[in-house]
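J.: Let's have the full structure, built from the sequences with the hints guiding it.
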Amino acid sequence: MIRTGARRAIYVTMVMAHKDLLDFWKAKMLVVSFTLFPIVMMIIFGYMFPSITSTNPYAGKFPSQYGRLPIGIVDEDGSRISEGIADQFAQLSSTTGLFSVRSFASLEVAKDKMTEGKLKGVLVIPQGFSGALSSNRQATLILIADDTNPQLASSIIGQVSSLIRIISEGVAASRISDIAAGADPEALLEPISLEREPFVKGSATTFQFLAPGFMALTVTMGTLSGLAASISREREQGTLDGIMSSPVPRYAVIASKLLAQTARGMLQSFIILAISMLFFGVRVYGNPLLMVLTMFLAVLSFSGIGIIITSIAGEQETAMTSLMLITMPMTFLSNVVFPIEQLPWFLQAIGKSLPLYYSADALRKIIVLNAQMHHIAPDLIVLVLYSLATLSAAIPIFVRSVSR
Amino acid sequence: MGLAIEAFGLTKRFGSFTAVDHVDLSVKEGEIFGLLGPNGAGKSTLVRMLTTLMRPTEGTAKVGGYDIVNQADEVRKIIGLVAEKLILYPRLNAVENLMFFGRLYGMGGEELRRKVDELIEMVRLERFKHFPIGGYSSGMRQRLNVVRALLHDPKILFLDEPTAMLDPQSIRFIRDLIKDLRKGGRTIILTTHIMDEAEELSDRVAIIDHGRILVVDTPEGLKARFGVSNLLEVFLELTGRDLRDRAENRVPIRAIGRV
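Going line by line, the protein sequences match chains A and B.
Anchor point for the first sequence: position 72 equals 73 in the numbering used here, and the numbering is continuous, going up by one each time.
Anchor point for the second sequence: position 135 equals 137 in the numbering used here, and the numbering is continuous, going up by one each time.
Just so you know, these hints were derived from the structure itself, not from any lab.
Warning: the hint list may mix true and false statements.
[As the list claims (entries may be wrong)] Taking lysine-lysine pairs in the BS3-like style, the calculated list, with each CA pair at most 27 Å apart, reads:
#	chain 1	residue 1	chain 2	residue 2
1	B	Lys-185	B	Lys-64
2	A	Lys-27	B	Lys-87
3	A	Lys-29	B	Lys-64
T.: Here is the structure:
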């Protein structure tokens, strides 16, 4: 009896979920917008946070957010040495992909171009540069960055300094080998060096951080708002009465909504993953099944809250607006778009009390680090506990709200 | 003949407002029982309780011999509901709608397909059965809405204002359909405030106001009792001739809950 009861519950759950998906499929414009949404979102975010191509020998050393910035170079020294330095700078700029370099006859002309906004900085090789260099004194270059945008300027200063350091080290190395033949110039220049070994396989890009977070975010937000919309719509249009007056277990009604909405949410998440892999070099190193399990738990952990809000709200607009109150902060606090370490402690505490933090974390570890079950067990336990607690509160509240 | 419905002191309160007030009621098997009352009299709340969509605050009722609270699932198996709002999905077509609800009652396969075709034929929608019902006229939709409640051959059928806002042809069609439906010994509870409809269809009627049943009798019995020629006069005699939307009569939306 119990077995047939459970079987029947599963059957009607599938029937109702199938009906929801069929209903969704029939709304063609909805399906198109629903599919386009993650594509548009990922393309925008993808180009907002560009990653570095791995064919570049300097990949990872010069993270550039801006692409090739136009920089001018003015050689006031006019010697063979200064020309060589200018060439080296231009060449390094092009191999690192940091700047596109143009030379200018005078500082005045270059500054004019900066005022017009056509140059973001000027590197000046002042008179006497080669003199100082050849007499073993410290020679100085001058950098004028466009600091009308301080953030951009500080990034230019940092990047130009790194390039100059490389050139300067080259000069030092040749001097060392002049003075002490047979010595290792690198060991003398930098007796202790720090080498970075990647933890993440392949090249770590911002996108490896963003994509799993967005997947978790989309699947939870999509399901949450879909759940609220779907339950309230059925209540408002009256079809819920048809379901509730038929011999269908109440929890099966919720389970079916969850199932249908999760399927939709996962579809969007996999579109995100596909775009990230195709266009932004994201690679999945982990187990796809573990990924699906985590996404399912991500949804489950939030659905209780969604059901409670929908049940209390009663109608669609109130339900959607109230949900926004949770989903909007959740987007920014749960380590999805911005690293949580940037936040003050109390916002971090709020972020870490939301299940999205754990699902995004687990998903990231699976996709990027090939984490196994035991690595992400703590995350998954939090999600399971969250699901149990919220759903066991939500089901009676839902049943009460539809049988008052 | 046994009783299809028995209610004992059935009561529903929303906060301080009493929508249904200690209603005792018996409906015989196989009769068409008209439930009449002004707007807000408590008809829909009574029907919602009897169809297990709402829990009573007090009292109880048996539908087909089953308790509406403790044996709700048994009740659900033997009742059919045509509510005020359409119980149909506008994006789905007639077949998809009926197949879906049929499956909820445990039907399937060839049996369900045959039943669906039969019902669609019964309301003459064969030509439109593959069109989304969102594109149907109100009359077509309501015809389908009525047969939706018949999929599992319910013993007891609740019809909440089944002809509201329809054209005369559709009204005629639905009324004839209702007469046909009782033939197999089916009990029908008909909520309406169209008096000639109640008079034409009902074996007995109850007039309900302010949550209480004022009178139960055959239409003829009522007319004779009040010495009038039609049911409308009885109705106005009992429930008054004033408009019913004075502030003290109105129930705040929140109190009604989700309807």
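J.: Starting from Lys-27(A), check that the Cα of Lys-87(B) is at most 27 Å away, please.
T.: The hint holds at about 22 Å.
J.: Under the criterion that the straight-line Cα-Cα distance not exceed 27 Å, is the pair Lys-185(B), Lys-64(B) satisfied?
T.: Cα-Cα ~23 Å, so holds.
J.: Assess, step by step, whether the Cα of Lys-29(A) is no farther than 27 Å from the Cα of Lys-64(B), and give holds or violated.
T.: Violated. Lys-29(A) to Lys-64(B) sits at ~45 Å, over the 27 Å cutoff.
Hint compliance for this structure: hint 3 is the single one not met.
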